[in-house]
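Enquirer: Sequence:
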Amino acid sequence: MPDKTHADAIQSQLLQLHATLDHVGAYVFTKDIQGRYTYANQKVCELFGVPLEQILGKKDDEFFDLEKYNQLAIHDQKVLQQGKKIEGEEVNRVGKSDELMTFWTVKSPLYDQQGNIIGLSGISTDITERRKMEQALRDQQVLLNTVLDNSDSYIYMKDKDCRFLYANSNVCQLFALPVDEIIGKQGSDILPKEVAENFDVLDRQVVQSGEKMYGEENFFDEDGHVRHYWSVKIPLFKHNEVYAFVGISTDITDIVKMKEDFKVMANTDSLTGICSRRYLIDCAKREIKRVQRNKKPLAVIIFDIDHFKTINDTCGHGSGDKTIKDIVNVCKAELREIDIFGRLGGDEFVVITPETAIEDAIGIAERLRNAVHSVKAASDKINISCSFGVADWKGEEFFDEWLFRADAALYNAKQSGRNCVKFQE
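UniProt numbering applies: residue 1 is where the sequence shown begins, and numbers increase by one.
If you are wondering where the hints come from, they were derived from the structure by calculation, not from laboratory data. Hints may be right or wrong, so weigh each one.
What the hints assert, rightly or not - Okay, the calculated beta carbon distance ranges per label pair:
#1 268 / 192: 47 to 57 Å
#2 332 / 204: 19 to 29 Å
#3 268 / 198: 28 to 38 Å
#4 23 / 204: 51 to 61 Å
#5 180 / 142: 14 to 24 Å
#6 397 / 309: 26 to 36 Å
To be verified - Derived DSS-like pairs (lysine-lysine); straight-line CA-CA distance at most 27 Å:
#7 394 / 296
#8 296 / 332
#9 238 / 160
#10 289 / 263
#11 59 / 84
#12 381 / 325
#13 96 / 59
#14 257 / 185
#15 78 / 68
#16 414 / 376
#17 376 / 332
#18 238 / 259
#19 309 / 238
#20 325 / 285
#21 325 / 376
#22 309 / 414
#23 295 / 285
Note that CB positions come from ideal geometry on N, CA and C, so glycine has one too.
Let the sequences and hints guide you as you build the complete structure.
Expert: Rendered as structure tokens:
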């Protein structure tokens, strides 16, 4: 009677154990020394699509594609023949399914009382979806890296201490360093001190403000040439604090140079290289504002070429252009650095003379008049000369009014026989 009670207790425990194993959410099984199933929980039955009695005594080739995927068999042999405990992935196709499944499996040898291996126990977890997600993430990472590394922009990620967490290939090329020598470094670890001081200015503003930042940044390349970048910095938050930021910097050096070139073109007379009409007027207005503050004298000289139409008609327009350029060159040699020299148009020129009283401005005009005499025309029958009008700024008058008075003095010089200097009170 006690033996029956003991047997019933063991049977009850086995039933409880089987019930527990049927609900563990993993594939639990045992095999004999020949690799035949001696136990399989409910989840294994569901995987194979057959009841337990159709599994017991069968080998894996009844359920898996061992011809093509034999990792499962290799693991079994190591456990059954060498007594090794195996932990690792097993990939296989179940039954006639076209879908490959991935399992994380732990297999251990089973021993009899004499210590002989009599089989194995195993527990497998389906990690197919996890591996698919991991592969999808890897594919996305490859795609992202491909996009980032083939972007024209410099793309990077830094932590709140401005240490690089990521750098695309353009950043590596810019620093002439492999990516592993950039990650974890600050600008001061990579760049010369004088360059690094301004390298993180926009970065620090992003971290401190927690706001998206835009701005132009400058960086010297290996040849010492300044490069201009338009940068966008986007903060990243964790627990309501900035822990990192992403930066996208685009090289706008060519655009900046083009802008500067356009500015020079707009400010420079194309024939002579001196100030254009527009830039000359802008400079004159700035000088007027400056004089209003410092109360220093200011004068303007206006002059044109005497009988310029005759030069064009007699020698041709090409010769006329050469005469204009020659006159500009000899006049530039007589002017000071602070003087502003421009062409109003045609053969008419203006000189703004800062910090210059009317008497000194007249003296400058006389020097220019004498210098012009050295210019030779294409025809020996023509002598080159210019007529000059001078006016000082009276205060509280607009540039147009001031220039009008100088132009009146120029008209007076023309009426007085040309090749002379007149000034307007």
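Enquirer: Going back to the hint list, which numbers does this structure go against?
Expert: Numbers 1, 2, 14, 18 and 19, in rising order.
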